[in-house]
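On the provided structure of chain A, position chain B as indicated by the hints.
If you read the sequences in order, they're chains A and B. For the record, in the first sequence the residue sitting at position 169 is 169 according to my numbering, with numbers rising by one throughout. For the record, in the second sequence the residue sitting at position 410 is 410 according to my numbering, with numbers rising by one throughout.
Hints are computed from structural coordinates only; laboratory data are not their basis.
Given that identical chains are not distinguished, each listed pair holds provided it fits within a single copy or across any two copies.
The list that follows gives simulated cross-link-like pairs (lysine-lysine, DSBU-like), each with its CA atoms no further than 35 Å apart: (1) Lys135 with Lys9; (2) Lys230 with Lys201; (3) Lys166 with Lys9; (4) Lys377 with Lys135; (5) Lys122 with Lys135; (6) Lys201 with Lys122; (7) Lys166 with Lys377; (8) Lys230 with Lys122; (9) Lys230 with Lys494.
Spelled out, the chains give:
2 protein chains.
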Amino acid sequence: MEQKLQELKMRLAEAADLDAAAALLTWDQSTYMPPGGALARARQLATLTRLYHERFTDPAVGRLLDDLRPYEESLPYDSDDASLVRVTRREFERMTRIPSDFLGDFYQHSSSAYQAWTQAHKENDFQRMIPFLEKTLELSRRLANFFPGYQHIADPLIDFADYGMKASALRQLFATLRQHLSPLVLAIAAQPPIDDSCLFKRYPEERQLAFGSAVIRRMGYDFDRGRQDKTHHPFTTKFSLGDVRITTRVQENYLGDALFSTIHEAGHAIYEQGIPMAFEGTTLAGGTSSGVHESQSRLFENIVGRSRSFWHYYYPSLQDMFPEQLREVPEEAFYAAINKVTPSFIRTDADEVTYNLHIILRFDLELDLLEGRLEVKDLPRAWHERFDQDLGLVVPDDARGVMQDVHWFGGWIGGVFQGYTLGNLLSAQFLEAALQAHPEIPGEISQGQFGTLHAWLKENIYQHGRKFTEPELVQRVTGEPIRVEPFIQYLHQKYDALYHLNT
Amino acid sequence: MEQKLQELKMRLAEAADLDAAAALLTWDQSTYMPPGGALARARQLATLTRLYHERFTDPAVGRLLDDLRPYEESLPYDSDDASLVRVTRREFERMTRIPSDFLGDFYQHSSSAYQAWTQAHKENDFQRMIPFLEKTLELSRRLANFFPGYQHIADPLIDFADYGMKASALRQLFATLRQHLSPLVLAIAAQPPIDDSCLFKRYPEERQLAFGSAVIRRMGYDFDRGRQDKTHHPFTTKFSLGDVRITTRVQENYLGDALFSTIHEAGHAIYEQGIPMAFEGTTLAGGTSSGVHESQSRLFENIVGRSRSFWHYYYPSLQDMFPEQLREVPEEAFYAAINKVTPSFIRTDADEVTYNLHIILRFDLELDLLEGRLEVKDLPRAWHERFDQDLGLVVPDDARGVMQDVHWFGGWIGGVFQGYTLGNLLSAQFLEAALQAHPEIPGEISQGQFGTLHAWLKENIYQHGRKFTEPELVQRVTGEPIRVEPFIQYLHQKYDALYHLNT
Numbered sequence: 001m002e003q004k005l006q007e008l009k010m011r012l013a014e015a016a017d018l019d020a021a022a023a024l025l026t027w028d029q030s031t032y033m034p035p036g037g038a039l040a041r042a043r044q045l046a047t048l049t050r051l052y053h054e055r056f057t058d059p060a061v062g063r064l065l066d067d068l069r070p071y072e073e074s075l076p077y078d079s080d081d082a083s084l085v086r087v088t089r090r091e092f093e094r095m096t097r098i099p100s101d102f103l104g105d106f107y108q109h110s111s112s113a114y115q116a117w118t119q120a121h122k123e124n125d126f127q128r129m130i131p132f133l134e135k136t137l138e139l140s141r142r143l144a145n146f147f148p149g150y151q152h153i154a155d156p157l158i159d160f161a162d163y164g165m166k167a168s169a170l171r172q173l174f175a176t177l178r179q180h181l182s183p184l185v186l187a188i189a190a191q192p193p194i195d196d197s198c199l200f201k202r203y204p205e206e207r208q209l210a211f212g213s214a215v216i217r218r219m220g221y222d223f224d225r226g227r228q229d230k231t232h233h234p235f236t237t238k239f240s241l242g243d244v245r246i247t248t249r250v251q252e253n254y255l256g257d258a259l260f261s262t263i264h265e266a267g268h269a270i271y272e273q274g275i276p277m278a279f280e281g282t283t284l285a286g287g288t289s290s291g292v293h294e295s296q297s298r299l300f301e302n303i304v305g306r307s308r309s310f311w312h313y314y315y316p317s318l319q320d321m322f323p324e325q326l327r328e329v330p331e332e333a334f335y336a337a338i339n340k341v342t343p344s345f346i347r348t349d350a351d352e353v354t355y356n357l358h359i360i361l362r363f364d365l366e367l368d369l370l371e372g373r374l375e376v377k378d379l380p381r382a383w384h385e386r387f388d389q390d391l392g393l394v395v396p397d398d399a400r401g402v403m404q405d406v407h408w409f410g411g412w413i414g415g416v417f418q419g420y421t422l423g424n425l426l427s428a429q430f431l432e433a434a435l436q437a438h439p440e441i442p443g444e445i446s447q448g449q450f451g452t453l454h455a456w457l458k459e460n461i462y463q464h465g466r467k468f469t470e471p472e473l474v475q476r477v478t479g480e481p482i483r484v485e486p487f488i489q490y491l492h493q494k495y496d497a498l499y500h501l502n503t
Numbered sequence: 001m002e003q004k005l006q007e008l009k010m011r012l013a014e015a016a017d018l019d020a021a022a023a024l025l026t027w028d029q030s031t032y033m034p035p036g037g038a039l040a041r042a043r044q045l046a047t048l049t050r051l052y053h054e055r056f057t058d059p060a061v062g063r064l065l066d067d068l069r070p071y072e073e074s075l076p077y078d079s080d081d082a083s084l085v086r087v088t089r090r091e092f093e094r095m096t097r098i099p100s101d102f103l104g105d106f107y108q109h110s111s112s113a114y115q116a117w118t119q120a121h122k123e124n125d126f127q128r129m130i131p132f133l134e135k136t137l138e139l140s141r142r143l144a145n146f147f148p149g150y151q152h153i154a155d156p157l158i159d160f161a162d163y164g165m166k167a168s169a170l171r172q173l174f175a176t177l178r179q180h181l182s183p184l185v186l187a188i189a190a191q192p193p194i195d196d197s198c199l200f201k202r203y204p205e206e207r208q209l210a211f212g213s214a215v216i217r218r219m220g221y222d223f224d225r226g227r228q229d230k231t232h233h234p235f236t237t238k239f240s241l242g243d244v245r246i247t248t249r250v251q252e253n254y255l256g257d258a259l260f261s262t263i264h265e266a267g268h269a270i271y272e273q274g275i276p277m278a279f280e281g282t283t284l285a286g287g288t289s290s291g292v293h294e295s296q297s298r299l300f301e302n303i304v305g306r307s308r309s310f311w312h313y314y315y316p317s318l319q320d321m322f323p324e325q326l327r328e329v330p331e332e333a334f335y336a337a338i339n340k341v342t343p344s345f346i347r348t349d350a351d352e353v354t355y356n357l358h359i360i361l362r363f364d365l366e367l368d369l370l371e372g373r374l375e376v377k378d379l380p381r382a383w384h385e386r387f388d389q390d391l392g393l394v395v396p397d398d399a400r401g402v403m404q405d406v407h408w409f410g411g412w413i414g415g416v417f418q419g420y421t422l423g424n425l426l427s428a429q430f431l432e433a434a435l436q437a438h439p440e441i442p443g444e445i446s447q448g449q450f451g452t453l454h455a456w457l458k459e460n461i462y463q464h465g466r467k468f469t470e471p472e473l474v475q476r477v478t479g480e481p482i483r484v485e486p487f488i489q490y491l492h493q494k495y496d497a498l499y500h501l502n503t
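This is chain A alone, in the form it adopts within the complex (with noise of 0.2 Å):
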């Protein structure tokens, strides 16, 4: 057994080699490339995703997982072992399951319907795009019909990023938020507009960017595991577990870019960071899932780095640092601007009040079209309605609405958004069961101390890898499923205060 165990491994780690060189092409790619590389760079990076595709579902691999059956019944189930085998044969059975003939009629739709867009996106001409987004519609459903025994349609898909979530239960979820939600913004939008002009004048690049990682640092990103880079947009990734890197972008004219994502970057790669070397090489060593990956980032973008604690111990060094901009301007005038809410019609640019409302309207079209129950050339229609209902908001057109984010033109529908709201809620989740541990965080963190809420996460999830599901997860550690409570009692405790309301 031990010996099969170990090919498994060996196999596994194969394959991450694999994985690692095309993560290192599209980092690469995306920060230090010449133009000139672009062509061969995507043929590269087609070899080795296909090669890292081979080799993680050859039949070898499926073999050693059924010899390996027993030896994992026999082991408790948050062993490593046994989490390994486990997590190795969803993975397996995932891949395996999808016909590779599927797959490459997928991504050449999926790629032509992203070239379309680019274009159509320009052009506000969502009719250009009702043909493609109906295939891509057919080819969803075709893709998670591979998965038969489903509840939902939806279910499989949602399974790709946050696997044992059900469409049904999240549907519930989402109702119950927007409930509270769409009240507490329409009350925020009757109250006096926040002075947020402070963070609008010119903020030097370099030193944006040191403040930044000086942040970070302090949170526990380790530099000698990780480096930060320019990008377009930002992103984490992962070459090993010993070499996490984060991008950013930085606008001079506007200081909450900048800073806020290098924030979120950072929430994510310590996550990462903080998974046992052990793992390494095995499908146990990532995130467990989108949604819990996006609340890492969410607790450390918003809860902490958006918090009265966070800027209590910061601003003076903000100041510091841009003294002409800020020298004028109070803390409590920063905490407001950086926390001002205003329904709009981007998501990316959604504070954390109105962010959900823009997913969970997302999240609900894409059921209806996977259900039936709403068609593609529909779709604009339903999406004015809905913005208007929930954010009081009319849709100028379908470029700042239904086509804005790429998702859907250049991937599949179904599955592709919740994980945002998930982190969203769990970063709320997470946080109480934190502070019902060590009360003194707050207090900590107002004196730029990170050290107990980073061992507490890093000691209730970030070192079980990818060994719990994100349902098996959230149980484990706050002793409940995903609730809504904890986060909208953060939002109304914050937002209450902050724009006088009376609820």
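Structure of chain B alone, referenced to chain A:
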């Protein structure tokens, strides 16, 4: 046939993609990788290299090469397709004749030898390296014997880097060169030394990098298909014909290091960038040999980059860039400083006159070792005697003597040094041919124009990629075999004047 050729190309492209990914892993390791990435990176590189080797030596490649032989023979020798099959077969045979067991032993030994050397070099302890070197010598002989039928046991080893060059011919060529060089070096040493203190002022890094970039851009290095980053040891690497990168290092207290190593690496890179895109992903997509590659780097670094015409154009801009450091230094004094000749112990610090004596010494000792005429334990003595004879210097210790270069201590003995001197010889021989066709080249260079030179090199050398072997290419370009005279002539023309010699 067309189909078989396509299949061969497809297989080669896949191998090339793995090779490119390995090259990127290496580049990243030397430029940006955080320390925490080291452990996994070694494993990733080993995996990618192994997979590359497996793909390239797949028996299916051998069958395709057999099947394509009639097609190859029906085509002109220098046609793209015939050359592709011929060069691929040569590589395939080289890689398949060496048993993988042997390679395993070899890599393991060279890795431990390298580890031991890093310590022994520091402690000037050659004794400790004797058993390692004896094993290296034995393995080098075994390696050569996988390629029976050679004239000299070093020939197969030389073939790895400079295919088609023979030890016996090289020994003669180098002996002739040495006969000319040694008296020149001694004559120069008898003259009053040149004052090069102007190079050892403080030169800020950023401006050194800016000047170097401006120079190589003008020389023909295409930054849209490459870039320059900082590393400990400068090198050139290629991820595709559209992405050929160089690296450099900067000493702020010495102007000569970054500038000339930048031009040197750019010479290598301009060669690779000049190879036709039609060769992308095949065995033809590269420089043909170590010697020809080095001829391109040395041509730009020395023959162009240390010439009067070059500095006639560039010295005013260099003075503008470093006014405080160079305002008072006349062009003539600067020209003399960058061409100062001093016998010294360390090869990599050597000027262009003494440099080849360092190489020839190593080359001769390699042959003596392989032939069994010299024992490993007697290597330091042989080194000291020869050094005294050729350079008039008493070697103070083995760290600055036989142990200075990593080549023998982390690789094999035989075939690893000749390329450097071949490169110097060829740089002069190629330029002689270029000047016969275009006597206007030096005049153009003195106006900062490199177009005619670049076009000639592209037409005569770059465009062939690896189609022709080194001897074939030299014959084709210059109408003669490799000769020492052009290089000797070049040195005398330059240094007789500079050192007022009456030769």
